[in-house]
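S.K.: Given the coordinates of chain Y, assemble chain R onto it according to the supplied hints.
Just so you know, the protein sequences line up as chains Y and R, in that order.
The numbering of the first sequence is the numbering used here, which starts it at 1 and goes up by one.
The numbering of the second sequence is the numbering used here, which starts it at 1 and goes up by one.
These are computed hints drawn from the structure, not numbers from a lab.
Source: prediction; values computed, not measured.
Honestly, I wouldn't trust all of these hints.
Said to hold, decoys possible - Below, simulated EDC-like cross-link-like pairs (lysine to aspartate or glutamate); rule was C-alpha separation at most 20 Å, straight line: (1) Y/Lys65 x R/Glu64; (2) R/Lys49 x Y/Asp35; (3) Y/Lys6 x Y/Asp35; (4) R/Lys75 x Y/Asp624; (5) R/Lys49 x Y/Glu57; (6) R/Lys38 x Y/Asp38; (7) R/Lys38 x Y/Asp624; (8) R/Lys91 x R/Glu74; (9) R/Lys38 x Y/Glu39; (10) R/Lys49 x Y/Asp60; (11) R/Lys49 x Y/Asp38; (12) R/Lys38 x Y/Asp780; (13) R/Lys75 x Y/Asp35; (14) R/Lys49 x Y/Glu39; (15) R/Lys38 x Y/Glu27; (16) Y/Lys359 x Y/Glu27.
Stated by the list, open to error - Sample of chain R residues facing chain Y (criterion: CB under 7 Å; computed from the structure): (17) Ala30; (18) Gly33; (19) Tyr34; (20) Gly45; (21) Val47; (22) Asn51; (23) Ser54; (24) Tyr56; (25) Arg82.
Where is the CB? At the ideal position from N, CA and C, for every residue including glycine.
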Amino acid sequence: MPDWSKEIRTAIAGLNLEPTREEEVVEELSQHLRDRYDEMLAGGADAEQAYQTLRAELQDGTLLKELARMVARAREPLAAGSNGQKGFLNGLGRDLRYAMRQLRQSPGFAMVAILSLALGVGANTAIFQLLDAVRLRLLPVKAPEELAAIKITNATGGRTGSFVSSYADLTSGIWNLLRAQQQGFSSIAAWSPQQHNLGQGGEARNANTLLVSGDFFSTLGLSPVIGRLLSSSDDYRGCGAQGVVLSYSFWGKEYGGRDTVLGSKITLDRQLFQVIGVTPPSFHGVDIGRDFDIAIPLCAEPVFNSKNPWSDDPQTWWLAVIGRLKPGWTPERASAQLATISPGIFAATLPGKYDPINKKDYLRFQLGAMKADKGVSSLRGEHDPLYILLGLSGLVLLLACANLANLLLARASARQREMALRLTLGASRARLMRQALAESLLLAVIGTAAGVGLAQLLSRALISMLASGQNSIFLDVSIHWRILGFAAGLAVLTCILFGLTPALQASHVDPGAAMKANGRGVTSGRERFLLRRILVVTQVALSLVLLTGALLFARSFRNLLTLDAGFEQDHILVASFDYSPLQVPPARRVAYKRELTERMRAIPGVQSVAGIFIVPISHSGWDDNIDVPGGPQRQDTQFNSISSGFFQTMRVPMLAGRDFNESDKPDSPRVAIVNEAFARKYFQGANPVGKVVNNSEKPSDTYQIIGLVKDTKYHSLREDFLPTLFVATSQEKEPGEGLTLMIRSNESMESLASSVKRVAQDMSPAMVLTLSVFKTQIRDDLTGERLMATLTGFFGVLAIVLAMVGIYGVISYMVVRRRNEIGVRMALGAARGRILFMVLRESIVLLGIGAAIGTALALAGGTLAGSFLFGLKAHDPVTLGGSILGLAVIVVLASFMPARKAASVDPMVVLREE
Amino acid sequence: MKHMAAQVFDRELKKGSAELLILSLIEHRARHGYEISKLIEERSGGVLKFNVASFYPLLYRLEERGLIAGRWVEKAGQRRRRYYRLTAQGKDVLKTHRATWLDFVNAIHRITEAENA
Numbered sequence: 001m002p003d004w005s006k007e008i009r010t011a012i013a014g015l016n017l018e019p020t021r022e023e024e025v026v027e028e029l030s031q032h033l034r035d036r037y038d039e040m041l042a043g044g045a046d047a048e049q050a051y052q053t054l055r056a057e058l059q060d061g062t063l064l065k066e067l068a069r070m071v072a073r074a075r076e077p078l079a080a081g082s083n084g085q086k087g088f089l090n091g092l093g094r095d096l097r098y099a100m101r102q103l104r105q106s107p108g109f110a111m112v113a114i115l116s117l118a119l120g121v122g123a124n125t126a127i128f129q130l131l132d133a134v135r136l137r138l139l140p141v142k143a144p145e146e147l148a149a150i151k152i153t154n155a156t157g158g159r160t161g162s163f164v165s166s167y168a169d170l171t172s173g174i175w176n177l178l179r180a181q182q183q184g185f186s187s188i189a190a191w192s193p194q195q196h197n198l199g200q201g202g203e204a205r206n207a208n209t210l211l212v213s214g215d216f217f218s219t220l221g222l223s224p225v226i227g228r229l230l231s232s233s234d235d236y237r238g239c240g241a242q243g244v245v246l247s248y249s250f251w252g253k254e255y256g257g258r259d260t261v262l263g264s265k266i267t268l269d270r271q272l273f274q275v276i277g278v279t280p281p282s283f284h285g286v287d288i289g290r291d292f293d294i295a296i297p298l299c300a301e302p303v304f305n306s307k308n309p310w311s312d313d314p315q316t317w318w319l320a321v322i323g324r325l326k327p328g329w330t331p332e333r334a335s336a337q338l339a340t341i342s343p344g345i346f347a348a349t350l351p352g353k354y355d356p357i358n359k360k361d362y363l364r365f366q367l368g369a370m371k372a373d374k375g376v377s378s379l380r381g382e383h384d385p386l387y388i389l390l391g392l393s394g395l396v397l398l399l400a401c402a403n404l405a406n407l408l409l410a411r412a413s414a415r416q417r418e419m420a421l422r423l424t425l426g427a428s429r430a431r432l433m434r435q436a437l438a439e440s441l442l443l444a445v446i447g448t449a450a451g452v453g454l455a456q457l458l459s460r461a462l463i464s465m466l467a468s469g470q471n472s473i474f475l476d477v478s479i480h481w482r483i484l485g486f487a488a489g490l491a492v493l494t495c496i497l498f499g500l501t502p503a504l505q506a507s508h509v510d511p512g513a514a515m516k517a518n519g520r521g522v523t524s525g526r527e528r529f530l531l532r533r534i535l536v537v538t539q540v541a542l543s544l545v546l547l548t549g550a551l552l553f554a555r556s557f558r559n560l561l562t563l564d565a566g567f568e569q570d571h572i573l574v575a576s577f578d579y580s581p582l583q584v585p586p587a588r589r590v591a592y593k594r595e596l597t598e599r600m601r602a603i604p605g606v607q608s609v610a611g612i613f614i615v616p617i618s619h620s621g622w623d624d625n626i627d628v629p630g631g632p633q634r635q636d637t638q639f640n641s642i643s644s645g646f647f648q649t650m651r652v653p654m655l656a657g658r659d660f661n662e663s664d665k666p667d668s669p670r671v672a673i674v675n676e677a678f679a680r681k682y683f684q685g686a687n688p689v690g691k692v693v694n695n696s697e698k699p700s701d702t703y704q705i706i707g708l709v710k711d712t713k714y715h716s717l718r719e720d721f722l723p724t725l726f727v728a729t730s731q732e733k734e735p736g737e738g739l740t741l742m743i744r745s746n747e748s749m750e751s752l753a754s755s756v757k758r759v760a761q762d763m764s765p766a767m768v769l770t771l772s773v774f775k776t777q778i779r780d781d782l783t784g785e786r787l788m789a790t791l792t793g794f795f796g797v798l799a800i801v802l803a804m805v806g807i808y809g810v811i812s813y814m815v816v817r818r819r820n821e822i823g824v825r826m827a828l829g830a831a832r833g834r835i836l837f838m839v840l841r842e843s844i845v846l847l848g849i850g851a852a853i854g855t856a857l858a859l860a861g862g863t864l865a866g867s868f869l870f871g872l873k874a875h876d877p878v879t880l881g882g883s884i885l886g887l888a889v890i891v892v893l894a895s896f897m898p899a900r901k902a903a904s905v906d907p908m909v910v911l912r913e914e
Numbered sequence: 001m002k003h004m005a006a007q008v009f010d011r012e013l014k015k016g017s018a019e020l021l022i023l024s025l026i027e028h029r030a031r032h033g034y035e036i037s038k039l040i041e042e043r044s045g046g047v048l049k050f051n052v053a054s055f056y057p058l059l060y061r062l063e064e065r066g067l068i069a070g071r072w073v074e075k076a077g078q079r080r081r082r083y084y085r086l087t088a089q090g091k092d093v094l095k096t097h098r099a100t101w102l103d104f105v106n107a108i109h110r111i112t113e114a115e116n117a
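Chain Y on its own, in the form it takes in the complex (with noise of 0.2 Å):
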């Protein structure tokens, strides 16, 4: 009888069958032949005939190539208790049951691993939604791709006057001639964000307001929700108070959303307009980060600004440009033709009293048009602390990822057995993988769908932090399909990061190795616990990069926090009135603001008030460039102006002279104030009393130094002491119709602000204030500061929490796999100390190497917060040596009960066992 098993064999050799499929399709194949052989011969054909011709038929290719068919759709051997689908990704929604009922069986496990990724995806996703919104999104008009701004290229110096819009770009003389002149535009507008009162009288309720040119709404291409949008028929010189255009959010707050809105009035800054319609909801103006409310036409400025219109003053800048590309033009084009048209147009708007410096440099400007697709956002800046975020909570992903990948290997070797039962039973080791990296995909996925959930809470909450009283935030964070592929990126990278290892661990077992090893640790035990170490050591590199960068911005905010800004912050409410509703003529109103100062300061538990002209940290103010005689010439100086009693109120000392007094008159000879800064810079720390400096640009204003008084900080806490003039208020020549005023109290600020209001409310109910507290507005500055420090401190617990965690793992699990070793050291009669001493070694030397790499991380990551930090390098060694030993007390904390463990084992329990 053949051997028909042999033919066949050879016969689908090319194959490469698995071994399984291939013992039956041979035990099938060859039963048949033997059954045919039987009957050839029982039909008379002799034994050699009959063999040839099955071996015909066998071996003429048939078999191999329509074989060959099915196996290109081939199936995978069964695994034990496949029900035999085929195809890699079938029965995937198997594994993922399987992986589900493994995860419900150790819910703790599982509780940690999506905790800690759902904490890691929701902090990238959250500061990603905050970037997306600020500098990815388009912007929700008609073709933003057109869209170009229009700005002086090269604006560096020459720009002096009023700066009156936080987009103050070009001044009105300005924009008409560019709007006559330029060609690559097939329309452009003008706008510019202000705020406007909508009160009559008492506290101020400002609305955010857009002047725009006619074209704006046209240019942009949207359409009214109802009524209509302002057109150029809108926008005509001397138009007065016409009509205005609601944003869909303000229709909504302030009217509920009725249509009965169309038609009826608004006031704003005590002027009537009647709301003519309302924007789309998803148009939020083209400056991202800041809402608006109400839109007005451009002409309509005049009236808010009576006596100076903006409109006619060749000095004040306060117009930002947008405009659609004409087909065919690019920005550099358009660029192109704004530059020859520039000389012309500066040339013709030159301020007259600009002096020869200045008109050197304005003539030499330049318009250029860049990309506005995404609008413009003064939130996009060249060193964006999102960035550094994003980068410290993708470091606390990788830091969760390690940790999950040191739980999974941990998992992986408690279930050696089990893999190694199934590789016996003909799994494969793909399908084997493929089990263990559907556990990490269902991790990944609950893990991102719940940080994708706690970024909603988390960007919002970001946006409120970020967002101070004075200065409100408005980002659309809502989810889209970026942010959805950006977590499902996450999920996806996670996902192989904390899996790929520990499932590559699971196929690469030795099947007879594990099972004879009674379930304890085996030899490739050895190079997976490398790797578990490995991890270690990168958790605690991590650790100390995010531990660092939080004591960073914690010191750095600290620093600010504390810092001696000059001038005593507390008890200090700052009122500013506006009595120019009042129409008070210019003669009576020194009185008027004497009366008012008088009233306040007869407020119970006023200690002492005073007038200024611009508050300190506001971030407003005023320089002009003075010249002292015999020195040097032209010097930038910043100045204020202030009644006298203001250092008082401020605690500020006075070092030298005297304060301003009653004597400082408008028509006795100007007088002024310095600090020690100006006295360094002009007068090489002389005593400047009694000295003269010039205004530059008016050199008959001569002001003599009457007194010298100690640094404080003028614009922000950040800066240096910078050198400043004060004047005296009470010499200013024509007093406006607005002051404020520092009132320092013992009572609480809230009572005192009632206090405030009902007395200007008894001088006159049409007086228009606005009032906050001083240190509030100054901690508001630090709003950015705040942030870093509260999100890096965040991402430092979160690091420690986890970096806990690892070590504590990676420890205990050393514990379990030495303790016959440790029981027969002990029975040997190695003291406890000793063997407590031999486990923290290990994790002292992880340690070691960890923070090593660390510290080399965290220098050169240092460098990008460099810019960010306020008071200390980035390469601060006290911060660095902080946060070694900070994670060294962790380290030695988490291994130290494992340890303990470890030296209490009974060596005679130990060694029964064995």
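M.R.: Positioned in the frame of chain Y, the structure of chain R alone reads:
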């Protein structure tokens, strides 16, 4: 001539209707591969013949498509054999095949008979 016709018919069958034959033969009871091929040969009076190289791939493909299911069965004193039975899905397919085939044969029959009449 008979041999020639058998060859052509054989090829066509392999392409289109061998499935029908196999499915019909195991409609009521499970059979092993050799039994099926033997029955085809016998019942067709030797006109239809499958050799081992083309028959088993056909079986495996039917199994892969879920129309039939194979199972190793051991009987006392015999080598184990793989028996194939019709699955529920196979039953449905057989029903459709059979109906189509009958329609086809009837149509051919009608045409050829009409010409002869």
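S.K.: Hold the hint about R/Gly45 up to the distance rule: shortest CB distance to chain Y must be less than 7 Å.
M.R.: This hint is violated: R/Gly45 lies away from chain Y, its Cβ roughly 16 Å from the closest one there, beyond 7 Å.
S.K.: Please verify whether Y/Lys6 and Y/Asp35 have alpha carbons no more than 20 Å apart.
M.R.: The given pair, whose Cα atoms are some 16 Å apart, holds under the 20 Å limit.
S.K.: Is the Cα-Cα distance between R/Lys91 and R/Glu74 20 Å or less?
M.R.: Distance ~26 Å between R/Lys91 and R/Glu74 Cα, so the pair is violated.
S.K.: Does Y/Asp624 lie within 20 Å of R/Lys38 when you go C-alpha to C-alpha?
M.R.: This hinted pair is violated, its Cα atoms lying about 111 Å apart.
S.K.: Tell me if the straight-line CA distance from R/Lys38 to Y/Asp38 falls inside 20 Å.
M.R.: Holds, at about 13 Å.
S.K.: Tell me if R/Val47 is really an interface residue toward chain Y, meaning its C-beta lies closer than 7 Å to one of theirs.
M.R.: 18 Å, violated
S.K.: Does R/Lys49 pair with Y/Glu39 here, judged by a C-alpha cut-off of 20 Å?
M.R.: Within the cut-off at roughly 15 Å; holds.
S.K.: When you check the alpha-carbon spacing of Y/Lys359 and Y/Glu27, does it fall within 20 Å?
M.R.: 100 Å, violated
S.K.: Mind checking the CB of R/Tyr34 against every CB in chain Y and telling me if the closest is under 7 Å?
M.R.: This interface hint holds because 5 Å falls under the 7 Å limit.
S.K.: Would you mind confirming whether the straight-line C-alpha gap from R/Lys49 to Y/Asp35 stays at or under 20 Å?
M.R.: 15 Å, holds
S.K.: Can the hint on R/Ser54 be confirmed by a CB-to-CB distance to chain Y that is less than 7 Å?
M.R.: With a minimum Cβ separation of about 5 Å from chain Y (threshold 7 Å), the hint on R/Ser54 holds.
S.K.: Does the nearest C-beta of chain Y fall within a distance shorter than 7 Å of the C-beta of R/Ala30?
M.R.: Violated, because the Cβ-Cβ distance from R/Ala30 to chain Y comes to roughly 14 Å (cut-off 7 Å).
The earlier numbered hints that this structure contradicts are 4, 7, 8, 12, 16, 17, 20 and 21.
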